[in-house]
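In case you want the letters, here they are:
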Amino acid sequence: MKNKFLLGKKELSCTLINLIIVKMLFVYPRIMVINSGNAAWIQCLYVSAISFLLYYICIKLYEKIGKISIMEACEQIGGKFLKITAGIIITAILISNIAINIRLLPESIKTVLLPLTPIELLFIVFIIAVSLGAFFGIYSICRIHALFIPVIIICLGILFLFIVPHADINNLFPIFGLGTYNLFVTGLDSLSIFSDILVLFIIMPFCENFSVAKKSGYTAMISGSVISFLIVLLYVLVYSYPTSTEFIFPSYQMTRLIKIGDFFQRVEAFFEYIWAILMLLYSTAYLFIICHIWKETFNLKYYRELILPFIIIIGGISFIPGTLMELYKLSEIVARITPSISFFIPILIALAYRIKFKSKIKLQQ
Amino acid sequence: MKRKIILFFLIICFCVPMLTGCYDYREPNTIAYVIALGIDKGSTDGIYKYSIQYARPTQITGGASEGGGKGEDTSDIISIESPSVYSAINLANHVISKTFTLSHTKVIVVSEEIAKNGISPIIDTFGRNSDIRPTVYFCIANESAEKYLSSVKPSIEINPAKYYELIFENNSSSYTPFIDAQKIYFNYKNGSRNNVIPYVGAFKNSKSNQQNSDGQSESGSSESEKESGEESKNSSGESDSNSMRNNIPLNESGFEYHIKEYISGNMDIDTSNESEELGAAVFKGDKMIGTLNDIECKIYNIINGTYKDGYTSVYSEYTPLSPITILLVQNKKPDVKVNVKNDVPYVYIKLHLNGDFISTAYESILEDHIDGFEQETCKYIKEAVTSFLNKTTKEYNSDIFGFYSYAKRYFLTYEDMINYNWEKKYGDTQFFVDVDFNIKRTGLIIRSEENTE
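Protein sequences, first through last, are from chains A and B.
All you need for my numbering is the position in the first sequence, starting with 1, plus 5.
All you need for my numbering is the position in the second sequence, starting with 1, plus 4.
No lab work stands behind these hints, which were simulated from the structure alone.
Please note that a few of the clues may not be correct.
Said to hold, decoys possible - Here are the simulated DSS-like pairs of lysine-lysine, each with C-alpha atoms no more than 30 Å apart in a straight line: (1) A:Lys334 <-> B:Lys187; (2) A:Lys264 <-> B:Lys166; (3) B:Lys157 <-> B:Lys187.
Unchecked claim - Take a look, some chain B residues computed to stay more than 12 Å from chain A by CB distance: (4) Ile82; (5) Ile84; (6) Ser159; (7) His262; (8) Glu265; (9) Asp272; (10) Gly289; (11) Pro324; (12) Leu325; (13) Asn335; (14) Ala365; (15) Leu370; (16) Cys382; (17) Lys429; (18) Gly431.
What the hints assert, rightly or not - Which residues of chain B face chain A? A few of them, derived with a C-beta cut under 10 Å, are: (19) Phe18; (20) Ser134; (21) Glu169; (22) Asn191; (23) Tyr410; (24) Arg413; (25) Phe415.
We put the beta carbon where it would ideally sit given N, CA and C, even for glycine.
Could you put the whole structure together from the sequences, leaning on the hints where they help?
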């Protein structure tokens, strides 16, 4: 390996935390409230618990595979055919995830900040930045994550503290919101919040060792769950149902309420800055990972040459929904499909690996 | 190295066009800031008359101490008929050289006529657009919104925006409720509470109002005639005003004893500023169904837990000839419990209040009867609160306190909650009020009979 630097726990955890929480800062609290009403906070806890369980199963099964990427494991199990099939499926999942999110930031900036600026211009500036970020590689991306994420989490915490006075405990009731079926059955759609944990199994070879990757995954799952839970809980406490189903960007809407005396108003401008940084880092990491998977799938030498074609493909797909409403509908469909694939691909591959190399594993033991 | 140089030049090339600024830039000197927006009924259905009060920054600069303009010079009003706020802004942009923005709008005033027909067609705008602050004040004008905005002539504030801020957000002005545009929208949308919105107006019988009407009616007559007419009408105006002053009822109950039951538009206060902000408009759904006077507003704020402090006049049996003035403070929000196990909802309220003596009568030494006075005051507060609560059920049948949101905890799901049909049952609600009131301080004087003897 050319780079002597390997991803440590901090870098990896911060990257994974960002991949999980960035969606909570955009549309996810609303999607959860639409599903469960004011019981969205219970749904968040429930989904977090299930995701944690799924991750535990994944990582337990993957323990025997060790520090190799999911693509490499596929190749060892089923040769090139399985590797290419898995590569294409994973790329498709990641593209569908990023295509929606990469459109959301320019759309949100246009809605709340620059209503007169054409979306195309905002989008171009954004994808140039994303492409540049991906160009510098995973180490730079993760190190920047490690630099920004702790600061951003503290800033978000402070921002949300100022929203607490607007909370009303009565908004938590009726406790089961729109009913237990919505909460515990259809609520499973929200598993997609944690579906990005799949990324951990792709960038595994960049980690110091398997233990670091495993611990980073746990840290990210716990931190992501806590942050997501707090955001949803605060949203539900501040806006009672059904008003809470109306806001496109719940977290932004909450920050609009902050008024600290006469001098500190419009604090949401600061939140928009956080938005932009998190989404930029998220998209950068995603673009790199997509290029990296493609490189691995087809045994290419370099990934950088793939950045341009992929950003064009992602950009093209993200503009398929003509309007923001269509984008939401699409995001709901993607949210239903991706979690099952994201969690079950590592489980299936790890299981297949265990079955195929049973004797080898026994020998190792 | 070569690649780094190329990359460096690429970054420079990319940054240079950014430094020149955007083509869609908006500089502060090209923007006209709307301070207040008045909405009246238009000449035809579906059309509203928007009165846009905008700041004239050149008159405001310098502040009060440095000789800025007068309160009336610092803003101007444009009235435009249009189906929506933004189309009115569009039209107004063709009247003045700068572009209007609502980002610094402080208050939205809606006429009573519109409020009685329903405000739902207009409130959506204030929740949907990011340039209007969610915390913008919202109020109902007793006659026309335009008239109210024209009557705002702050005498000690140069900046009209500051005037609105101070008037609507004053902790000690307990005679009006506090609510912003976003909360109005939420309350209407959620149905868990009906809105109570500040009621504002221009004093109907003020001297300048009379002068204006005189000026209009006698515009064709000569100056001398005009002057004499003015005098005569003024004198008749005075008598009208006096009769109106006599008509304002006095509160005879123990709480806020002998305070006049004022509401915006009927205050008998002489001031150069004709605008009044007192009382509240009561809503059911999106329609205005009644008004609250100053005292009712104070009780509303106390029950709501939004009351901070204020001077309160209380009757006392120890000093029947002169009411006692206390500084009534609410340090803790009321405890509210709602029981919906039966068909009739039961609401239990416990108010936590305390007070300081501000002025007592010399005829009796109240310090020796603190317990008695506290009990007496508790009784008056309880009577006033219960009577007001019953008014909301019997007269308005409107849950203006949001007891519904307290009742929510008795239901497991949203469906159960809807099936209970709170709106229908609220009219039969029974209230149980408990008041915890203590006198904390007696001011700088403390008297007792022993010392006096």
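Regarding the assertion that Lys429 (chain B) does not contact chain A, is the least Cβ-Cβ distance greater than 12 Å? Given a closest Cβ separation of 17 Å, the condition holds.
For Ile84 (chain B), is the shortest CB-to-CB distance to chain A above 12 Å, so the non-interface label stands? holds, 22 Å
Below or equal to 30 Å on CA atoms is what counts here, so check Lys334 (chain A) against Lys187 (chain B). holds, 29 Å
Mind checking the CB of Arg413 (chain B) against every CB in chain A and telling me if the closest is under 10 Å? Holds, because the Cβ-Cβ distance from Arg413 (chain B) to chain A comes to roughly 4 Å (cut-off 10 Å).
Once the closest CB in chain A is found, is it more than 12 Å from Ala365 (chain B)? holds, 41 Å
So is Asp272 (chain B) really clear of chain A, every C-beta pair being over 12 Å apart? Given a closest Cβ separation of 33 Å, the condition holds.
Any Cβ of chain A at or closer than 12 Å to Leu325 (chain B), or is the non-interface label fine? At roughly 45 Å from the nearest Cβ of chain A, Leu325 (chain B) sits farther out than 12 Å, so the non-interface label holds.
Is Lys157 (chain B) within 30 Å of Lys187 (chain B), Cα to Cα? Within the cut-off at roughly 28 Å; holds.
Do the numbers back the hint for Ser134 (chain B), that is, is its least Cβ distance to chain A under 10 Å? holds, 5 Å
Chain A contact restraint for Glu169 (chain B) - C-beta distance below 10 Å: holds, 7 Å
Tell me if the interface restraint on Phe415 (chain B) is satisfied: Cβ within less than 10 Å of some Cβ in chain A. This hint holds: Phe415 (chain B) lies near chain A, its Cβ roughly 4 Å from the closest one there, short of 10 Å.
Over 12 Å to the closest beta carbon of chain A is the bar; see if Cys382 (chain B) clears it. Cys382 (chain B) is indeed farther than 12 Å from all Cβ atoms of chain A, at 27 Å.
Violation of the numbered hints given earlier is absent; every hint is satisfied by the structure.
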